[in-house]
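Colleague: Here is what each chain is made of, one letter per residue.
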Amino acid sequence: MSRKRSRNDIILDMLLSIQKKGGEIKPTHLMYKANLSHSQMKLYLEELIKNEMVKKIKKKEYEYLIITDKGCNFADKVRQMREFEKTFGLTG
Amino acid sequence: MVDLIFSPLWFMGKDIIIDIFSMIILFLIAFFSFKCYKTDKCNKNHFYLSLSFLMIGLSFLFKIFTNFVVYKEIVEKQTLGLLTIIHTVTVQAYLPSYLSSILQKSFMLIGLYFLYVVLEKNKTIIDHVMVISLLLLITHLSHMRHLYYYITVLVMLSIISAKYYLLFKKNKQRRTKYLSYSFVIIATSQILFFFITKYKNFYVLGEIVQAIGYVMLLVIFIMVLKRGKKKR
Numbered sequence: 001m002s003r004k005r006s007r008n009d010i011i012l013d014m015l016l017s018i019q020k021k022g023g024e025i026k027p028t029h030l031m032y033k034a035n036l037s038h039s040q041m042k043l044y045l046e047e048l049i050k051n052e053m054v055k056k057i058k059k060k061e062y063e064y065l066i067i068t069d070k071g072c073n074f075a076d077k078v079r080q081m082r083e084f085e086k087t088f089g090l091t092g
Numbered sequence: 001m002v003d004l005i006f007s008p009l010w011f012m013g014k015d016i017i018i019d020i021f022s023m024i025i026l027f028l029i030a031f032f033s034f035k036c037y038k039t040d041k042c043n044k045n046h047f048y049l050s051l052s053f054l055m056i057g058l059s060f061l062f063k064i065f066t067n068f069v070v071y072k073e074i075v076e077k078q079t080l081g082l083l084t085i086i087h088t089v090t091v092q093a094y095l096p097s098y099l100s101s102i103l104q105k106s107f108m109l110i111g112l113y114f115l116y117v118v119l120e121k122n123k124t125i126i127d128h129v130m131v132i133s134l135l136l137l138i139t140h141l142s143h144m145r146h147l148y149y150y151i152t153v154l155v156m157l158s159i160i161s162a163k164y165y166l167l168f169k170k171n172k173q174r175r176t177k178y179l180s181y182s183f184v185i186i187a188t189s190q191i192l193f194f195f196i197t198k199y200k201n202f203y204v205l206g207e208i209v210q211a212i213g214y215v216m217l218l219v220i221f222i223m224v225l226k227r228g229k230k231k232r
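Chains as they are written, first to last, in our numbering: chain F, 1 to 92; chain W, 1 to 232.
Same shape as in the complex, but just chain F:
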């Protein structure tokens, strides 16, 4: 059984989902891609926007979320952390 995702895991999944979509994604797509409920999505998205890791933009009447440089850097940092944990046996 896989372990419960931590806050950092969820944030990383959200940022990676945006990156995989070329840096911009619709909010509903992000919810499905990052495997989140609506309330979770709202909570984490607010935090990401507040910390300037993600921005909201309007494109042809649709709302899109784009990842900022700060968001990309944070994703790199968390990915390095995960690699470090796996290599040095620090998980769980």
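Note that these hints are calculated values from the structure, not bench results. Being a predicted model, the structure only gives us computed values, none of them experimental. Be aware that a few hints might be false.
[Stated by the list, open to error] Computed spacing ranges between beta-carbons, pair by pair:
1) W/N171 with F/R7: 17 to 27 Å
2) F/S6 with W/I222: 20 to 30 Å
3) F/K50 with W/K38: 55 to 65 Å
[What the hints assert, rightly or not] In silico lysine to aspartate or glutamate, DMTMM-like type, Cα no more than 20 Å apart, as pairs:
4) W/K229 with F/D9
5) F/K86 with F/D13
6) W/K41 with F/E61
The beta carbon of each residue, even a glycine, is placed where N, CA and C say it ideally should be.
Following the hints, complete the assembly by docking chain W onto the known chain F.
Modeller: Okay, now just chain W, sitting in the frame of chain F:
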């Protein structure tokens, strides 16, 4: 009086440079692990790993200090004959070197123990107190017989290498396998240090092998950082 000089004359100073290099590698990993702990405070293993590498790094710092004090006296008294030099060194530099050497050994052993704790979970406070007391006792005993210290370090490093190899079998991470190899190399250097009281050239060989182990550790650390950045 305890022998404080293991290096041949031509290698004095060079070993300090090698140790500074190893110490920087250890501090780098400790710093990164502490940064990870600050990001994700839920995972205490980051903190223990950081503490472990910091203590091993400090152990190198004390070793460098010990050697620096001893070598400085040698340079100052170089006009005298070799026997007089060694006698002068052991008398004048004895106290600071003794304290520094005790700190070096205790920091190394406790640092390695913390590394073991990261890999072997489910330890109680009593286990920690018992093992640390035992390690401090070994540190004290090993001051007269260096062999006790090197044997203890060898045993601890061998266990850590084996633990990392078992972890590799589970997680199939190539870097974990290399990590276990790097600890095997560092453990091998301890075997060479067994003979340094009789043959000073083994000290040179031991320092070189140990440095190779730490360089490998650095390479693995760089691989981890690069791999973390690659997956965009």
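Colleague: Confirm or reject each hint.
Modeller: How the hints compare with the structure:
1. Checked against the hint of 17 to 27 Å, the C-beta distance between W/N171 and F/R7 comes to roughly 23 Å, which is consistent with it.
2. Checking the proposed 20 to 30 Å range against F/S6 and W/I222 shows it holds: the Cβ atoms sit about 26 Å from each other.
3. Checked against the hint of 55 to 65 Å, the pair F/K50 and W/K38 fails, with Cβ atoms roughly 19 Å apart.
4. Taking the CA atoms of W/K229 and F/D9, the gap is near 16 Å; set against the 20 Å cutoff, the hint holds.
5. Simply put, F/K86 and F/D13 have alpha-carbon atoms about 17 Å apart, close enough for the 20 Å limit, and the pair holds.
6. Our distance criterion of 20 Å between C-alpha atoms is broken by W/K41 and F/E61, whose separation comes to about 41 Å.
Hints 3, 6 from the earlier list are contradicted by this structure; the remaining hints agree with it.
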